[in-house]
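One-letter residues, chain by chain:
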Amino acid sequence: MQFDALYQEIILDHYKRPHGRGLREPFEGEAHHVNPTCGDEIDIRVHLDGATIDDVSHDGMGCSISQAAASVLYDLVNGQTVTDALARTDAFTDMVAGRGAGEPDEELLEDGVAFAGVAKYPARVKCALLPWMAFKDALVRAQAASPPAAGDERSAQTTTVGGTA
Amino acid sequence: MKTVTDAASTPSGSLASVAGPTLDVARVRADFPIFDRLINGRPLVYLDSANTSQKPRVVIDALREHYELHNANVARSVHTLGTEATAAYEGARAKVATFIGAAGPDEVVFAKNATEAINLVAYAFGNASAAPATNDERFVLRPGDEIVVSEMEHHSNIVPWQMLCERTGATFKWFGITDDGKLDLSHLDEVITERTKLVSIAYVSNTLGTINDPAPIIARARQVGALVMLDGSQAVPQMPVDVAALDLDFLAFTGHKMLGPTGIGVLWARSSLLAAMPPVLGGGSMIETVTMAKTTYALPPARFEAGTPPIAEAVALGTAIDYLTGLDMRAVAAHERALTTYALDALSTVEGLRVYGPTDPADRGGTMSFALDGVHPHDVGQILDEFGVEVRVGHHCARPVCARYGVAAMTRASFYVYTTTHEIDELVHGLEHVRKVFS
Numbered sequence: 001m002q003f004d005a006l007y008q009e010i011i012l013d014h015y016k017r018p019h020g021r022g023l024r025e026p027f028e029g030e031a032h033h034v035n036p037t038c039g040d041e042i043d044i045r046v047h048l049d050g051a052t053i054d055d056v057s058h059d060g061m062g063c064s065i066s067q068a069a070a071s072v073l074y075d076l077v078n079g080q081t082v083t084d085a086l087a088r089t090d091a092f093t094d095m096v097a098g099r100g101a102g103e104p105d106e107e108l109l110e111d112g113v114a115f116a117g118v119a120k121y122p123a124r125v126k127c128a129l130l131p132w133m134a135f136k137d138a139l140v141r142a143q144a145a146s147p148p149a150a151g152d153e154r155s156a157q158t159t160t161v162g163g164t165a
Numbered sequence: 001m002k003t004v005t006d007a008a009s010t011p012s013g014s015l016a017s018v019a020g021p022t023l024d025v026a027r028v029r030a031d032f033p034i035f036d037r038l039i040n041g042r043p044l045v046y047l048d049s050a051n052t053s054q055k056p057r058v059v060i061d062a063l064r065e066h067y068e069l070h071n072a073n074v075a076r077s078v079h080t081l082g083t084e085a086t087a088a089y090e091g092a093r094a095k096v097a098t099f100i101g102a103a104g105p106d107e108v109v110f111a112k113n114a115t116e117a118i119n120l121v122a123y124a125f126g127n128a129s130a131a132p133a134t135n136d137e138r139f140v141l142r143p144g145d146e147i148v149v150s151e152m153e154h155h156s157n158i159v160p161w162q163m164l165c166e167r168t169g170a171t172f173k174w175f176g177i178t179d180d181g182k183l184d185l186s187h188l189d190e191v192i193t194e195r196t197k198l199v200s201i202a203y204v205s206n207t208l209g210t211i212n213d214p215a216p217i218i219a220r221a222r223q224v225g226a227l228v229m230l231d232g233s234q235a236v237p238q239m240p241v242d243v244a245a246l247d248l249d250f251l252a253f254t255g256h257k258m259l260g261p262t263g264i265g266v267l268w269a270r271s272s273l274l275a276a277m278p279p280v281l282g283g284g285s286m287i288e289t290v291t292m293a294k295t296t297y298a299l300p301p302a303r304f305e306a307g308t309p310p311i312a313e314a315v316a317l318g319t320a321i322d323y324l325t326g327l328d329m330r331a332v333a334a335h336e337r338a339l340t341t342y343a344l345d346a347l348s349t350v351e352g353l354r355v356y357g358p359t360d361p362a363d364r365g366g367t368m369s370f371a372l373d374g375v376h377p378h379d380v381g382q383i384l385d386e387f388g389v390e391v392r393v394g395h396h397c398a399r400p401v402c403a404r405y406g407v408a409a410m411t412r413a414s415f416y417v418y419t420t421t422h423e424i425d426e427l428v429h430g431l432e433h434v435r436k437v438f439s
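In order, the protein sequences belong to chains A and B. Quick note: the first sequence uses the working numbering, first residue 1, plus one each step. Quick note: the second sequence uses the working numbering, first residue 1, plus one each step.
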């Protein structure tokens with residue numbers, strides 16, 4: 001069936017057993033995002049240690065796509081530098097919005113490549129991006145609350161995401 | 001899986017009721033071209049009619065014929081086409097009036113949809129409140145006056161009144177919902193008081209399917225001199241509605257949920273009320289005399305129809321009403337009741353499924369919202385779509401209803417004149433598959 005392209009085993013696993021779930025202290029930035037069309041909600045907290053994302057914690061309620069995306073987000077950005085985390089954010093966003101060129105980069109996106117099928121379902125792109133948009137907001141706030149670290153050449157504000165779905 | 005056990009059921013899936021007129025569903029379906037198409041390789045199972053109904057061939061033809069043969073602007077031309085278009089447009093108004101038991105066509109105002117019809121009344125109140133000296137007291141709101149709705153409403157019967165209350169300082173109040181999905185009228189006299197100017201309630205809930213009894217609300221409103229509006233968006237398509245028998249003041253509904261095209265809705269109001277209501281949109285067609293110093297306004301309904309209206313859409317709504325009248329609205333209501341009974345039974349066989357709203361089919365229309373344990377409605381709807389089963393998921397523009405039951409979203413199946421019991425079986429089959437995917 002066609003929906004196997006959307007409901008990959010990997011996505012269902014992350015939905016049933018989410019990674020990094022539960023809001024934690026400490027954190028410098030926090031964001032709450034809502035998808036007004038379906039009521040899905042996500043809270044994301046970011047704790048920075050210099051230029052490194054020391055913890056990203058999340059909690060929310062919603063469909064398998066949005067909740068699994070939050071779990072994959074945790075895997076992909078936790079412990080990364082801000083620069084690498086934002087690069088992964090851009091790559092994930094481009095992939096689910098159907099802007100990616102060719103095959104998604106499995107080395108970069110790991111389990112996240114399971115979301116490639118979302119691009120075929122325009123109504124669900126927002127679901128997959130909900131935690132990632134919230135993460136970007138939380139990161140901006142965390143950076144604003146933290147002193148800039150040496151070597152942090154990229155800030156969240158300079159990236160462009162959006163215009164999707 | 002639930003199978004057809006009712007002896008009255010036929011292979012085509014139509015249901016006979018115990019008495020009164022019935023629908024020949026197979027013949028009805030043959031009138032709807034969309035049922036020829038496949039969805040993801042499967043026959044279309046359209047269970048989203050509370051969102052918008054499908055259209056019979058005659059309605060689609062009416063739109064095309066208007067543009068091919070009679071197209072001209074209305075109410076301002078002396079030429080043949082203009083006369084024909086005007087006659088067709090006004091003819092549609094007369095059909096609407098007859099269909100809902102109005103005293104006459106002049107009580108029928110065409111709007112874009114039910115949302116616009118409700119907003120029209122809300123803005124008339126607002127305009128009257130801004131100039132109380134020159135307006136009818138019934139429409140004037142002052143701080144402390146009250147507008148009453150219910151927690152069961154579609155957003156279109158909440159937000160315009162909240163906005164009106166913000167503009168005027170009036171108090172926004174509402175009836176709650178009982179656990180079994182009915183209006184909580186236990187504090188009727190405290191909710192509707194001497195300060196209440198308008199009560200606006202859904203006749204049939206778009207989410208819970210509840211058929212509300214307006215009688216006690218209207219009786220209380222009459223005691224305190226408040227006006228009463230019903231949002232008939234879900235009721236007018238599926239059961240006989242008679243504004244005179246109901247003793248109503250306003251009724252709003254929309255064409256696209258009753259086999260008509262999008263872009264055409266109706267505000268019905270008592271002629272004495274329309275006559276006292278200040279205009280809302282200004283422009284062409286709604287005037288009597290315009291000078292640079294002052295404008296006087298046309299009589300209703302023209303006063304409330306500024307600009308060129310949706311002519312073809314109104315004409316095609318008239319055709320939809322002819323079609324429904326041909327089916328007999330008593331037969332339509334009996335069909336909805338039979339499907340609701342069947343669906344309540346069929347859905348009860350799905351493990352982990354909970355239906356919201358009244359459990360007695362007598363209390364509800366053909367709209368059923370439910371939860372499937374552990375599976376989000378978006379996922380339910382997505383997987384059902386792969387089986388060609390089209391349902392609505394989300395908050396159904398009635399977020400307070402979802403909040404009342406502690407959920408962010410629901411899955412909703414809704415039925416209409418072309419729906420068969422076989423399609424409800426397909427829904428159940430699809431839901432069993434959803435459970436497998438998420439087990």
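If you're looking for bench data, these hints aren't it; they were derived computationally from the structure. Using N, Cα and C, we set each Cβ at its ideal position, and we do this for glycine too. Mixed in with the good hints, there may be bad ones.
Derived pair list, reagent style DSS-like, types lysine-lysine, alpha-carbon separation capped at 25 angstroms [what the hints assert, rightly or not]: (1) A:LYS120 with B:LYS436; (2) A:LYS16 with B:LYS436; (3) A:LYS120 with A:LYS16; (4) A:LYS16 with A:LYS126.
Restraint-style ranges between C-beta atoms, simulated for each label pair [what the hints assert, rightly or not]: (5) B:ILE34 with A:ASP49: 38 to 48 angstroms; (6) A:LEU23 with B:THR308: 51 to 61 angstroms; (7) B:ASP61 with A:ALA5: 38 to 48 angstroms; (8) A:ALA145 with B:GLY169: 58 to 68 angstroms; (9) A:ALA5 with B:ILE60: 51 to 61 angstroms; (10) A:GLY98 with B:ARG42: 22 to 32 angstroms.
Structure-based check of all given hints:
The suggested pairing of LYS120 (chain A) with LYS436 (chain B) holds, with an alpha-carbon distance near 23 angstroms, which does not exceed 25 angstroms. For a cut-off of 25 angstroms, the pair hint linking LYS16 (chain A) to LYS436 (chain B) stands: about 14 angstroms separates their Cα positions. At most 25 angstroms may separate the alpha-carbon atoms for a hinted pair to count; LYS120 (chain A) and LYS16 (chain A) meet this at roughly 23 angstroms. Annotation: proposed proximity of LYS16 (chain A) to LYS126 (chain A) holds, straight-line Cα distance about 20 angstroms (limit 25 angstroms).
Against the hinted window of 38 to 48 angstroms, the Cβ-Cβ separation of ILE34 (chain B) and ASP49 (chain A) comes to about 58 angstroms, which falls outside the hint. Look at LEU23 (chain A) against THR308 (chain B): about 55 angstroms separates their beta carbons, and that is inside 51 to 61 angstroms. Between ASP61 (chain B) and ALA5 (chain A) the Cβ separation comes to about 39 angstroms, which falls inside the hinted range of 38 to 48 angstroms. In this structure the supplied range 58 to 68 angstroms is violated for ALA145 (chain A) paired with GLY169 (chain B), their Cβ-Cβ distance being about 40 angstroms.
Against the hinted window of 51 to 61 angstroms, the Cβ-Cβ separation of ALA5 (chain A) and ILE60 (chain B) comes to about 34 angstroms, which falls outside the hint. Roughly 25 angstroms separates the CB atoms of GLY98 (chain A) and ARG42 (chain B), a value that falls within the hinted 22 to 32 angstroms.
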